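What follows is the residue order along each chain.
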Amino acid sequence: MTDVAEVITRIHREEWARVVATLAGRFGDLDIAEEMAAEAFASAVRRWPVDGVPPSPGGWLTTTAHRKAVDRLRREVRRVEKHREALMLADVPEPLGVIDDDRLRLVFTCCHPALAMPARVALTLRMVGGLTVAEVARAFLTQEAAMGRRITRAKAKIKAAGIRYGVPLRADLPARVSGVLAVLYLIFNEGYLASDPAKEAVRGDLTAEAIRLTRLVHTLMPAHREVTGLLALMLLTEARRPARMSATGELVPLDQQDRGCWDRDLIAEGHDLVRACLTAGQAPGRYQILAAINAVHTDARDIRHTDWSQVVALYDQLTRVDPSPIVRLNRAIAVAELDGAQVALALVEGLPLQGYHLYHATRAELLRRLGYREQSRTAYDRAIELAGNSAETAYLVHRRDQWAGA
Amino acid sequence: MTQYLISVLDDTSNSASTDEMNAIDTFNDQLRADGHWVFAGGLAAPDTATVVDGRDGQAVFTDGPFLESKEYVAGFWIITAPHLDVALRLAAEGSKSCHRRVEVRPFLGA
Chain A
1 MTDVAEVITR IHREEWARVV ATLAGRFGDL DIAEEMAAEA FASAVRRWPV DGVPPSPGGW
61 LTTTAHRKAV DRLRREVRRV EKHREALMLA DVPEPLGVID DDRLRLVFTC CHPALAMPAR
121 VALTLRMVGG LTVAEVARAF LTQEAAMGRR ITRAKAKIKA AGIRYGVPLR ADLPARVSGV
181 LAVLYLIFNE GYLASDPAKE AVRGDLTAEA IRLTRLVHTL MPAHREVTGL LALMLLTEAR
241 RPARMSATGE LVPLDQQDRG CWDRDLIAEG HDLVRACLTA GQAPGRYQIL AAINAVHTDA
301 RDIRHTDWSQ VVALYDQLTR VDPSPIVRLN RAIAVAELDG AQVALALVEG LPLQGYHLYH
361 ATRAELLRRL GYREQSRTAY DRAIELAGNS AETAYLVHRR DQWAGA
Chain B
1 MTQYLISVLD DTSNSASTDE MNAIDTFNDQ LRADGHWVFA GGLAAPDTAT VVDGRDGQAV
61 FTDGPFLESK EYVAGFWIIT APHLDVALRL AAEGSKSCHR RVEVRPFLGA
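For the record, the sequence lines run as chains A and B. In this text, residue positions in the first sequence follow full-length UniProt numbering: the first is 1, and each later residue adds one. In this text, residue positions in the second sequence follow full-length UniProt numbering: the first is 1, and each later residue adds one.
Calculated directly from the structure, the hints in this document are not laboratory data. Every value quoted in this text rests on a predicted model; they were computed, and no experiment measured them. It cannot be assumed that every hint is accurate.
[What the hints assert, rightly or not] Simulated crosslink set (DMTMM-like; lysine to aspartate or glutamate; CA at most 25 Å straight-line):
| # | chain 1 | residue 1 | chain 2 | residue 2 |
| --- | --- | --- | --- | --- |
| 1 | B | K96 | B | E71 |
| 2 | A | K68 | A | E35 |
| 3 | A | K159 | B | E71 |
| 4 | A | K159 | A | D307 |
| 5 | A | K68 | B | E71 |
| 6 | A | K68 | A | D29 |
| 7 | A | K157 | B | D53 |
| 8 | A | K159 | A | D205 |
| 9 | A | K157 | B | D29 |
| 10 | B | K96 | A | D172 |
[Stated by the list, open to error] Which residues of chain B face chain A? A few of them, derived with a C-beta cut under 10 Å, are:
| # | residue |
| --- | --- |
| 11 | L43 |
| 12 | P46 |
| 13 | D47 |
| 14 | A81 |
| 15 | H83 |
| 16 | V86 |
| 17 | A87 |
| 18 | L88 |
| 19 | R89 |
| 20 | R105 |
| 21 | L108 |
| 22 | G109 |
Backbone N, C-alpha and C define an ideal beta-carbon position, used for all residues, glycine too.
Given these sequences and hints, build the entire structure.
Structural data, given as structure tokens:
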């Protein structure tokens with residue numbers, strides 16, 4: 001029994017998106033696809049422990065879901081004559097077509113820019129990731145009913161507004177891929193550093209889910225280097241997670257992490273992906289550059305061996321792609337290691353980031369290094385006021401008081 | 001095929017400039033040539049509106065727009081498109097031609 005339950009859990013992870021995507025492709029309706037996929041998995045939970053796991057679980061699920069969809073449409077047709085064409089639906093599904101394209105269609109549909117960002121995130125986790133509505137709600141600390149409404153509203157808009165179940169027009173493709181990556185990165189970051197003090201500071205389930213989804217998108221679009229870059233960025237960030245939290249729940253910054261705890265396999269995989277991007281020989285995008293920066297960090301035995309000139313050079317490159325104040329702030333942090341705190345402070349002062357806790361935390365750290373005790377403390381206070389993540393707050397308080405007591 | 005209403009949002013009652021009118025004409029010609037055209041028109045300023053309530057038999061007329069707002073609909077296109085991505089592309093071109101923001105809204109299923 002337990003074995004079958006485990007198999008079903010695994011098959012659910014592996015096959016959910018494919019079943020939903022195939023059905024959505026056949027019936028052009030996300031609602032039906034989602035509900036019938038869920039019913040097919042419910043059937044599997046009932047039948048497989050008795051009948052055994054079928055030789056092709058994915059095929060069994062798709063066929064079962066397809067039959068259920070046809071049954072349901074037929075029932076509706078009897079009620080509403082208007083849907084007569086559904087009667088023409090074959091009993092036995094067509095041989096599977098280009099399934100991967102169906103999953104890609106699903107991803108692009110869920111991440112459509114006409115949907116609000118929270119709706120895109122929720123839909124992607126539900127439809128592509130296969131999380132239940134309750135799980136999606138928990139991930140974002142929302143009531144299940146509210147999350148259910150959000151997903152329902154999004155699906156209703158897809159239908160009413162005519163959001164096509166398909167890959168984007170060629171001219172829209174770069175922007176649409178960026179849109180997908182933004183959704184995946186947001187899911188990852190929410191897991192990596194929850195923005196809400198009421199949530200656990202670091203949530204491996206969400207980062208794992210983001211990586212799983214990004215791996216899928218990478219499989220579907222292997223030639224798209226920004227996808228490769230984002231996957232590498234996530235792996236290299238995730239690799240450091242075991243060292244990122246102290247026993248007392250404080251965030252441990254990069255320079256104080258026990259690098260022996262880093263996940264060597266993830267680092268090796270991330271480095272391979274970064275190298276694959278580099279050999280493509282084209283100007284890298286934002287995620288590739290961020291991945292490369294993380295590759296430099298994970299390459300160093302300890303903080304003193306970090307190649308800071310390389311890090312600064314990569315930030316220079318990133319500034320050209322994305323000249324936002326946050327990128328300039330991060331560049332300044334690297335400059336501090338290369339050219340000293342005085343130079344870095346000059347770069348930081350005046351950045352329009354008064355509402356961003358890391359702006360104040362960075363200033364505090366630089367002022368501290370330069371010996372400006374009072375100003376540093378004030379900046380720490382401001383950072384603590386603005387920080388949302390509990391572990392980050394704990395670290396900042398510790399850092400501020402450490403010096404004050406010294 | 002879905003029909004979409006593309007409303008032009010404006011916060012002044014200045015009509016389109018000559019350049020904008022020319023750009024709008026070019027865009028309209030393209031809509032017709034590509035088979036997207038259904039209808040389009042510009043609207044007079046909101047203070048020319050009259051609200052009519054005929055629900056209780058004897059109609060009641062009220063001067064002025066139904067909604068007092070900073071921004072209002074200054075004109076619109078009705079287009080037909082196979083799906084939202086096409087409608088959004090056309091809306092983007094429309095927005096560029098009249099140099100104003102637009103809102104895209106689908107008609108209820110035909």
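Hint check:
Using a Cα cut-off of 25 Å, the hinted pair K96 of chain B and E71 of chain B holds, with the two alpha carbons roughly 18 Å apart. For the given pair, K68 of chain A sits about 10 Å from E35 of chain A by alpha-carbon distance, which is consistent with the 25 Å threshold. This hinted pair does not check out: K159 of chain A and E71 of chain B have alpha carbons roughly 28 Å apart, beyond 25 Å. A C-alpha spacing of about 51 Å is found between K159 of chain A and D307 of chain A, which places the hinted pair above 25 Å, so the restraint is violated.
The straight-line distance between the Cα atoms of K68 of chain A and E71 of chain B is roughly 48 Å, outside the 25 Å bound, and the hint therefore fails. Distance hint between K68 of chain A and D29 of chain A is fulfilled; the C-alpha atoms sit about 14 Å from each other, no more than 25 Å. Between the alpha carbons of K157 of chain A and D53 of chain B the distance comes to roughly 31 Å, so the proposed pair goes past 25 Å and is violated. Using a Cα cut-off of 25 Å, the hinted pair K159 of chain A and D205 of chain A is violated, with the two alpha carbons roughly 31 Å apart.
Taking the CA atoms of K157 of chain A and D29 of chain B, the gap is near 30 Å; set against the 25 Å cutoff, the hint is violated. Between the alpha carbons of K96 of chain B and D172 of chain A the distance comes to roughly 17 Å, so the proposed pair stays at or under 25 Å and holds. Below 10 Å, beta-carbon pairs count as interface contacts, and L43 of chain B has none with chain A, the closest being about 24 Å; its hint is therefore violated. Interface hint status for P46 of chain B: violated, as the beta-carbon distance to the closest one in chain A is roughly 27 Å, over 10 Å.
Interface hint status for D47 of chain B: violated, as the beta-carbon distance to the closest one in chain A is roughly 32 Å, over 10 Å. With a least beta-carbon distance of about 7 Å to chain A, the hint placing A81 of chain B at the interface is held under the 10 Å criterion. At its closest, the beta carbon of H83 of chain B sits 4 Å from a beta carbon of chain A; the interface hint therefore holds under the 10 Å criterion. Residue-level restraint check for V86 of chain B holds (minimum Cβ-Cβ distance to chain A is 8 Å; threshold 10 Å).
Of the supplied interface hints, the one on A87 of chain B holds, with its beta-carbon coming within about 7 Å of a beta-carbon of chain A, less than 10 Å. Checking L88 of chain B against chain A: minimum C-beta separation of about 7 Å stays under 10 Å; hint holds. Interface hint status for R89 of chain B: upheld, as the beta-carbon distance to the closest one in chain A is roughly 7 Å, under 10 Å. Interface hint at R105 of chain B: satisfied, since its Cβ lies 8 Å from the closest Cβ of chain A, which is below the 10 Å cut-off.
With a least beta-carbon distance of about 8 Å to chain A, the hint placing L108 of chain B at the interface is held under the 10 Å criterion. Using the Cβ-Cβ criterion of 10 Å, the hint placing G109 of chain B at the interface with chain A is satisfied: the shortest such distance is roughly 8 Å.
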